[in-house]
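In the order they appear, the protein sequences are chains A and B. Residue numbers 7 to 406, in our numbering, belong to the letters of the first sequence in order. Residue numbers 8 to 162, in our numbering, belong to the letters of the second sequence in order.
In case anyone wonders, no lab produced these hints; they're calculated from the structure. Check before you lean on any hint, since a few could be wrong.
[To be verified] Which residues of chain B face chain A? A partial, calculated answer using Cβ under 7 angstroms:
| no. | residue |
| --- | --- |
| 1 | 36 |
| 2 | 100 |
| 3 | 101 |
Note that beta-carbon positions come from the ideal geometry of N, C-alpha and C, so glycine has one too.
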Amino acid sequence: MTSGNGNGSAMPSELERRLERALHDVPVEASSDAHDRARDAALAAAAAPAPGRGSTWRVVIAAAVAMVLVTTGVTLAATGGRPFSDTATLTKPPPAVRLHTGILPLGARAFSILTGGRAWVAIPHRVLLHGAPRSAIAVSPGAVYVLEAHGRTLRAVAAGTGRVAQTQHTAGPVTAAVWSPFPIRIAYVTEVGGHQQLHDEWGTLSHDYLVDRRVAAVAPSWRWDSLAVAYVRAHGRVVVHNATSGRNTVIPPNCGLRHPTALAFAPTSGLLAIADRTRLRIVDTTGGAPDVCAAHSPGAPSIAWVRPHQLFVAAGTTLYRYLLLQPGLGTDTTTVPARITGLTASPDGRRLALAMTSGGSTRVVAAAAPPFSEQATPLHVLQLLLPARPAAGPVTLSWQ
Amino acid sequence: MLFERHWGGAWRLARTVSGRRDMADDIVQDAFERAFAALGRFDQSRPFAPWLHRIVINRALDLLRSERRLVGLDVAAHPSAEWRDVSADDRALLEAVATLTPQRRVVIVLRYGLGYAPAEIARMLELPTGTVNSRLARALDDLRERERERDAERT
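For reference, chain A alone in the conformation it holds in the complex (with noise of 0.2 angstroms):
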């Protein structure tokens, strides 16, 4: 056996070029999202403000990082871009533009986020939890009252004035609750011995009916005339409940989705939007339209309906926008350098808010809703709602 030189001054020896062979060839064996982590942890880290950044970077990283919510408008590097290049020479500075941040939306007349068991509610001119513990939180439409819970006991809060309106004891801890689009009646989700069980009330929290024992912890969804409200049941089978007849009306299977963890009404229809990790169905619970099939990236996935035939499917790192033609889906996406974690849509539609998280952190930002377009669309970012706090699981969001 040949002595080792080392420096590469000499031939090298045998062992040298199996060294450099084998090491060479090392597989790539990364798991199947390691690629994925990575990049959206490099794209965060790159956005995100570092004391003594220099000037040059700054520039190719504000022109070019998704996440960064430091330009108004700012592009969010859609479909397959990628921001950075060995080569960047880019010298001048940036355009000194702002980025409006706030947790309330421009023009909207109530926000809630709730991640991690913290809640953020704000009204114009007010900001009512910032960052409170809550287990639950419901803003009523037209933003007149906020219910909130926490441990065993469900409040109705006045937003305008801050005073309890309404105090009630429930049988566990609350995990979910949504008012009823004419603000008359709620629905809500509690844990009670390792179970969760769907209840109906009125919307001043009294003639609580208990719906089902066995529901799984999907927040539930009212059809739009607040006579009927969507939920999940412990074993994955999707029900309509009726809350003036009490009847049940349980969704037959399609699709292949087995287990939903989303589901949404359409604004005035009686379609209804189901989505587990990989799959969504609409399904016409009233007029027995044919259903609606349609694949989507692995992931926890958000709805938010923007019109009666369109709607928003988060899912991973991908915003789908449908368009339920006759017959048919349209559908176009837009990629995000981050984990889409919640979703919500403006009253009008018009605008989306979004909780992304990479890189062990999730922000909330307020963006315009893409348009279909045969090219790729950026996510256009309007507003910081709620800067970067480390991620706690998925965002429940709600615009009024």
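With chain A held as given, fit chain B onto it using these hints.
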């Protein structure tokens, strides 16, 4: 572009320096996060790869050290080598590399896996070139010794 161009190489480096496939994902993610967060301090007149590779190495060694504190010396000193999709000969060699001390493993991987010259490794690790050459020579000696032991076991 920057990320895509360097991710594979960084992963291989993390994999071979740590000797652990499960650890490589975290090392690379952490390294890219740190690298991109510190881009402002990066001298653009210099190549990006050595800078990133140094961060990868530091993160790998940090993680190995922290794991050694948690699980005891044996595991970290001889990280399990789970090489798949490589020939038997290469696997034996990679397993031998995995048994080197981290300092020697690093210079071997940089020299033969990524093709850095000893002087470049010295700059990257902020060591005298002589120290790098010394570590390389000792690492090669260690590997030869491992091979002799393996051959003896076979016979």
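So, going through the hints one by one against the coordinates:
At its closest, the beta carbon of residue 36 (chain B) sits 4 angstroms from a beta carbon of chain A; the interface hint therefore holds under the 7 angstroms criterion. Because the smallest distance between the Cβ of residue 100 (chain B) and any Cβ of chain A comes to about 5 angstroms, under 7 angstroms, the interface hint for this residue holds. Checking residue 101 (chain B) against chain A by beta carbon gives a least distance of about 6 angstroms; that is within 7 angstroms, so the hint holds.
The earlier numbered hints are all upheld by this structure, with none contradicted.
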